[in-house]
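Chains A and B, in that order, are what the protein sequence lines are.
No gaps in the numbering here: position 50 of the first sequence is 49 in numbering that gives the first Met the number 0, and each next residue is one more.
No gaps in the numbering here: position 369 of the second sequence is 368 in numbering that gives the first Met the number 0, and each next residue is one more.
Rather than coming from a laboratory, the hints here were simulated on the basis of the structure.
A couple of the hints might just be wrong.
[What the hints assert, rightly or not] Label-pair restraints from in silico Cβ distances:
no.: 1; chain 1: A; residue 1: Asn137; chain 2: B; residue 2: Ile377; range: 43 to 51 Å
no.: 2; chain 1: A; residue 1: Ser164; chain 2: B; residue 2: Lys33; range: 37 to 45 Å
no.: 3; chain 1: B; residue 1: Pro39; chain 2: A; residue 2: Lys156; range: 48 to 56 Å
no.: 4; chain 1: B; residue 1: Pro264; chain 2: A; residue 2: Lys172; range: 55 to 63 Å
no.: 5; chain 1: B; residue 1: Lys33; chain 2: A; residue 2: Asn137; range: 52 to 60 Å
For each residue, glycine too, the CB sits at the ideal point set by N, CA and C.
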Amino acid sequence: MGIFKKLPGLTIAEFDSTGSLLHAAEKMAEAGYEKYDCHSPFPIHGMDKAMRLKRSPMGYIIGTMGTIGMTGMIALTYWTNTYGYPMVISGKPAFSWQAFIPVIFAISILLSAFGAFFGMLALNKLPQLFNPIFGSDNFAKVTNDGFFVSVEANDPKYDEGNVKSFLESIGGKNVEVVKGE
Amino acid sequence: MSSNNKDLTDLKFQDELLFAGNPTFGSVTEDVSKVVETKPGQLWYVLFGISVSLTLMLFSMIGYLFWEGTGIWGLNNPVGWGWAIVNFVFWVGIGHAGTLISAVLFLLRQRWRTSINRFAEAMTIFAVICALLFPTIHVGRVWLLYWVLPLPNQMEMWPNFRSPLLWDTFAVGTYFTCSLLFWYVGLIPDLATLRDRAKDKWGKLLYGIFSLGWRGGNRQWQHYELAYLVLAGISTPLVLSVHSIVSTDFATSLVPGWHTTIFPPYFVAGAIFSGFAMVMTLALIARKVYNLEHIFTPKVLERMSWVMLLTGSMVGYAYSMEFFIAWYSGNEYERFAFINRAFGPYAWAYWIMITCNVISPQLFWFKKFRTSIPILFIISIVVNIGMWFERFVIVMTLSRDYLPSSWDYYSPTIYDIGIFIGSFGLLFTLFLLFLRFLPMVAMAEVKGVLPEADPHHGGSH
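Bound conformation, chain B alone (with noise of 0.2 Å):
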């Protein structure tokens, strides 16, 4: 059971080594539930307090915002439409690197991912609870925002399901749910181990509640194996689904640079991209904290930059091919669109994109950079910098319309900027009790793709 012996002819398994130093099912289940046993360090009180800090700025400037109204914002007739939506589109990115990890490369039997997939997935809740947010707080009298709903109502209206922004309800909701719900039914049998381990009353009461009395029975872990294959099913088509909705927000409108059939694809991509980037930066974050180099290896760090390299690369594609077909299309409009993106009032805006998104994750090709931890940390924060200036470059399309005569420019105010820094407060609040509370690997996934879980290991059978 806990014998050390690492078969290197077994072939089968030679390539999933991919977690270093020979853990054995006791040592998996040791390491991952000491750091939720243990009184974190000091480190984690100050980035907690910092958290909590910045959560705290952030629900009292809403609280401002819905006494005040969206005026506090930097909005001007032009540009309806501000970092609100931008900070939207952006949290909503950040979610979908963690349902590919844990839906899509789950059904892939891509074993690398089991060291990831709990922290990617937790990640994901995060950045949808902040994305929720933004729309929350951007229709301004926010008591009517149950109107969204299809709820009978004395006025007899329904919502109009023909609007993107309703879909978007729909489509971020249905995401949101399904994770919540994919990432419990992970935790559960995980659960129960820190059930079976804690010594505290309030450790036994609440693991023991949460864990659902789990007893480990292959009568049980029939039925969970298939509620969670199908869980990851059916978050698959979200992948591409989510963020193509979010992505007809803009390419339904007839805005020059908005209405375009790219943005679909586009918008998934840089949503991946964005994704692995964040998983990437708080993965290598948790690890030096919590001592954890066996368990996010180099190896599982070099195949997200893999990831990180191709949709970086499509996103550098999309970036060019609409601006051909901007040229193609002979619209002048279209044209001007494009070349005031690049050349016009928000050139630095447009070149800070091209710089963090297409010319930083090249660097990816060479092995020197894709090993090397503080590049990897370095280009996984220029992404995510990147990748919230794509959004903002996308909407600020807006500030030059039709008209030049109601042409504007937009500056935030310092609620813009302080609700967006508020949010990311938000995120690392909850993702550091995460870390603190609950097994942030998940420990039965761990063990089932080791070498000794096979029963055929060792010719024992």
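The following block holds chain A by itself, in its conformation from the complex (with noise of 0.2 Å):
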């Protein structure tokens, strides 16, 4: 969806601390904004509640696709031994199940990994290799270490002249509106 759609321009502001972000993060939701984010070198602590976020879905794709491993390699070993290819060894029954634990479970693993790795990226957007908050040359600060906060032009309260204030009001320094595209 991102690739098709114009992206929208934003305003960011430049924060001294990580104690003022968290501090402005407060204050900006507070003040109702909706589509703003704050970014920083390093995940901080406390910012998700800060920003009053919802919890992060992860949990839920991850164990999804645990259970897909599992289940889906339960069945493979199930009927691989049952009915595909039956091999009697030490005479065993045909589904001797605490054999096949260790397949089964590495299967969970990989398939759960799969679902951090690319549930992640698919939450986050990313790969997204243009956004135009890259425009700003002060922004590159944020992964050395820089503490901005950006609003885009989409939010519901945006106009230019009032989230250029309210930022410089919260402490936002060097404000800076960038285009869209």
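Hints in hand, dock the two standalone chains.
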């Protein structure tokens, strides 16, 4: 979807520490902004709560994938050893499940890992190699030691002048407007 | 943001001042990125040249092996498993330290791991690549390797899911994939750092593509952190399961000296032991070559030596317990297998193993040895030698089976030795490329544990 939809412009402001960014996040949530984000070089403890974010649904994705792996592998070992190609080893019953635990376990883990990796990418809409926010030279600091708040132009409360002064009022510096596509 | 004030009254972090010299967010970025951004010194080229030559030797010998068959190795009738399985177990074991550091210590919130985890994970991946090489070439008819996979085929045959060798395929394959994903997820924010710093076209292009467009927004971090946590969580049982399954290659057979229930825990302890030794070796080299003394601090190295002391003692306990059980079982074949290990034709290998694995880590009881860099380096290499000999001693149990008329002595050929040494070349080639092109320290994670990363630091909130 992200590929075909035009990406909106943003207003960004810089903050000088983790503490002030956390503070700003609380103010943004309080003021009722929806399409904003707090950028930092590393995850900041307590930020999800400050931004009032919903719990990440990652757990459900990973759990589902793990369950598919487990049931799929139980089914495969059951079918191959009972119908597909039954082998009698040490006189054990066809479906001697104890011996299949290692492979069932391995595939459950494997699919959970795929769920975690691809689920994370999907929820973050990655890879997305271009974003208007990269148009700001100052923003390159975010992967080094910079802390930023960004507000997207399609936020219902967005109004360039108001957003600018609001960001400045909560301690933002170097407020900058970047154009959309 | 770049304030240098170290708040010593801040008790929460007092114990965690593991990065020497008051680093700031900016200095962490600078120190780690500059390694990648500047041309390496002469030493790097010399080491890389040697490693690539060894790797080329490895691949040419493997080519000859495929042409001629496994007869070029020193395999004989009782010893149908030679250096290939020894090397496989050796390399898989080494990988385990990386997973332990990146996953288990992450869940236990051991902050000191952040300086070595990227590094250790890279070593895991490269060690598992070396490990997977050996069973692959050992099958002889390598073009039929896909038979281990449950693929529908015209023969209507399916793999035997009761075979430990098949368990290995699944366990080690999963282990490799999970380690790779875990490593890559950790790399994404750091690749973005390199992307934003890149000056040349190729750097911008390649770091840009592999960082996937990371923007460091908290809406991304939220899912990212959970994915990372879960990958750590599911890698944790792998630390125990993978080497346990590898040990069942031996333990489910009926060979005296192999058919024991102590094998899984004993193999896992040995794997962590050897892996920490290898991380130590590589970290000490990288620390010297790239002047990263303030990141791989003596405190981190000392903690690694604690782990080596613990797991080394567990391995020593397992050796003695094996002997005790052999005697206690009253089974004469079992007793013979162990007496033969210690006093038979491979006694030399057995005593090398005991000296390197049981005696040498005991030096770590003394602070003097734990904090001396040369001693740490020497012991880490000695332990690696010892752990290779442990697997050698176990496999060579085969040389004297139930029937004395079939006893034989395994002597390696030049191809056994060449392929083993070549696998080190492969590991070091990959590792040097990693040091050259990827950030060797997890910058985002190191920044996250600095005192100023805490939003409540210095009472600003």
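Here is what the structure says about each hint:
| no. | hint | result |
| --- | --- | --- |
| 1 | A:Asn137 - B:Ile377: 43 to 51 Å | 50 Å, holds |
| 2 | A:Ser164 - B:Lys33: 37 to 45 Å | 40 Å, holds |
| 3 | B:Pro39 - A:Lys156: 48 to 56 Å | 51 Å, holds |
| 4 | B:Pro264 - A:Lys172: 55 to 63 Å | 57 Å, holds |
| 5 | B:Lys33 - A:Asn137: 52 to 60 Å | 22 Å, violated |
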